[in-house]
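Could you build the full structure based on these sequences and the hints that come with them?
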Amino acid sequence: MRSRIKLGPVELKNPVMTASGTFGSGEEYSEFVDLNRLGAVVTKGVSNIPWRGNATPRIAETHGGMLNAIGLQNPGIDAFIEKDIPFLRRYDTKIIVNVCGKTLEDYLEVVEKLADQPVDLLEINISCPNVKEGGIAFGQRPTGVFDVTQAVKKIAKQPIIMKLSPNVTDITEVARAAEAGGADVLSLINTLTGMKIDIHKREFALANKTGGLSGPAIKPVALRMVYQTANAVSIPIIGMGGIAIPEDAVEFILAGATGVSVGTANFYNPYATIEVLEGIEQYMKEYDFPDMESMIGFVRKH
Amino acid sequence: MIESTKEARPVKKAARVVSQEKIAEDIYSMWIKTDVARRAMPGQFISVFANDGSKLLPRPISLCEIFHEADILRIVYRVTAANTGTELFSRLKAGEAIEIMGPLGNGFDLSEKNKLRQVRKVLIIGGGIGVPPMLQLAKEFNHILDKHQIQLLMGYRDEVFLMSDFKDFGSLYIATENGSLGTVGTVMDAIDEFDLSADMIYACGPVRMLRAIKGYAKKNRCTCYLSLEEKMACGVGACLACICRSKEIDPHSNLRQKRICKDGPVFLSTEVEI
Chain A
1 MRSRIKLGPV
11 ELKNPVMTAS
21 GTFGSGEEYS
31 EFVDLNRLGA
41 VVTKGVSNIP
51 WRGNATPRIA
61 ETHGGMLNAI
71 GLQNPGIDAF
81 IEKDIPFLRR
91 YDTKIIVNVC
101 GKTLEDYLEV
111 VEKLADQPVD
121 LLEINISCPN
131 VKEGGIAFGQ
141 RPTGVFDVTQ
151 AVKKIAKQPI
161 IMKLSPNVTD
171 ITEVARAAEA
181 GGADVLSLIN
191 TLTGMKIDIH
201 KREFALANKT
211 GGLSGPAIKP
221 VALRMVYQTA
231 NAVSIPIIGM
241 GGIAIPEDAV
251 EFILAGATGV
261 SVGTANFYNP
271 YATIEVLEGI
281 EQYMKEYDFP
291 DMESMIGFVR
301 KH
Chain B
1001 MIESTKEARP
1011 VKKAARVVSQ
1021 EKIAEDIYSM
1031 WIKTDVARRA
1041 MPGQFISVFA
1051 NDGSKLLPRP
1061 ISLCEIFHEA
1071 DILRIVYRVT
1081 AANTGTELFS
1091 RLKAGEAIEI
1101 MGPLGNGFDL
1111 SEKNKLRQVR
1121 KVLIIGGGIG
1131 VPPMLQLAKE
1141 FNHILDKHQI
1151 QLLMGYRDEV
1161 FLMSDFKDFG
1171 SLYIATENGS
1181 LGTVGTVMDA
1191 IDEFDLSADM
1201 IYACGPVRML
1211 RAIKGYAKKN
1221 RCTCYLSLEE
1231 KMACGVGACL
1241 ACICRSKEID
1251 PHSNLRQKRI
1261 CKDGPVFLST
1271 EVEI
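Residue numbers (this note's numbering), protein chains in the order written: chain A, 1 to 302; chain B, 1001 to 1274.
In short, the hints are calculated from the structure, not lab data. The reader is advised that the hints may include incorrect statements.
[What the hints assert, rightly or not] Some chain A residues close to chain B (C-beta under 7 angstroms, calculated; not the full set):
#1 Glu28
#2 Glu31
#3 Val33
#4 Leu35
#5 Thr56
#6 Gln73
#7 Pro75
#8 Phe267
#9 Tyr268
Even for Gly, the Cβ is constructed at its ideal location relative to N, Cα and C.
See below:
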């Protein structure tokens, strides 16, 4: 298995994951793809209590991408533990639970409840642009990132991934803060804040007015930020942002990402994760990479 | 025979345009050759993809007619504006490929035939671009009830379409807001004018119309199914873009919210707040 990777102490059979919020907890897409083939399933964000999310319309298409302002609707950690984790445990794939909150206490409550659960890693979402309190407020200041990371790391029983926002002046500052706070892994990028106006209705396309931009349109920005971050920290990075085809994923890996997540592409190609996986393996054969280690960050080292 | 929806997993695949015609201003009718038709039910929809990297998300379009044996689906849709995905679809010619995913959604449940045969009168209501999905429903009701028990009520802003398709499947009533044909006004005005009554109602159309029908059904104590619409991304229940309010806590969301694409688009009028 030449495509095996390690995220901190956890070994994944391959680098392909799902981006949080684009794959539910796997059930809907299990009708299209074999979840056993994925390196990991990253679940939709889960909070301490059920969150209703934002008003509709919650999405709008943009050139080569989309805006979303779902607002992290989720059933709450108790329902999640009862249904989503047992569902995912039936498959031979790693489970990464995305954790969201409005206050530090919210995050810690979820992390504590997950302590004795059979999940492999936690991804701490400090970067959702669609929730006013918490989240993004922590993610945009290095001190905030450091504090949340340290507090979560202290009580988490699983290794933690800090998910970073691209809506900052210098991504390497927040990345270093997360590493200093004890993060095992970083994931980036979350969506870029954007807007669309419906000129025929003469109103905002999203009820929330602004939303997070995702899809192929953001890939060059994401790739640049992954590259910069890989140069700034020594912990593994999960790269994401517009990955839709194998070539996209290969770019991220060559730039320094250890893992890659397919997000928005799932919405318009439910087979995207498997196509990306097969394409990466094909590329490794074609260019004689014996393992992922030799390929990760290749353009930085040569 | 149609499989149950649970067995009928949706697929995404290339299909072929059999033919396409413009049937009213901005309204197009397209026949598509695809084996997705084998498993499709009235009230379900397909995601239609534009072959254009700038327009990535699928357009959810309701099924107007289903020919299970011939592997043909008919969709009737509105071109929403210039430079849109629907405008691209409208330019497709016979023989050209089109990417679709389906069948999606729950559809109108007609599986309990014996129960449905007890219905005295059914009222099938469509409004605007909510008219097309009612055609397959009207057709299938002709295998359950006598024609005189089936009332079809279609409302339009101005130009009417699909009238000749509907007329063989029941008593057809028309309402137009500009008064060009039938009752002047809305479908509710037509219900008043012709004193229409029913013990079963099915409706698809703009939310204001559905709200009025929900109220009418409650007042007259009839069972009423509504097909809802909302902007969606995935079409399969993952992205949570297309939610509606529900009366009870939904088992999936653990909230008073349901997914229109997956839990719907068809809901009992009493289970949703619109």
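Structure-based check of each hint:
no.: 1; hint: Glu28; verdict: holds, 4 angstroms
no.: 2; hint: Glu31; verdict: holds, 5 angstroms
no.: 3; hint: Val33; verdict: violated, 11 angstroms
no.: 4; hint: Leu35; verdict: violated, 13 angstroms
no.: 5; hint: Thr56; verdict: holds, 5 angstroms
no.: 6; hint: Gln73; verdict: holds, 5 angstroms
no.: 7; hint: Pro75; verdict: holds, 3 angstroms
no.: 8; hint: Phe267; verdict: holds, 4 angstroms
no.: 9; hint: Tyr268; verdict: holds, 5 angstroms
In terms of the numbered hints stated before, the structure departs from hints 3 and 4, listed from lowest to highest.
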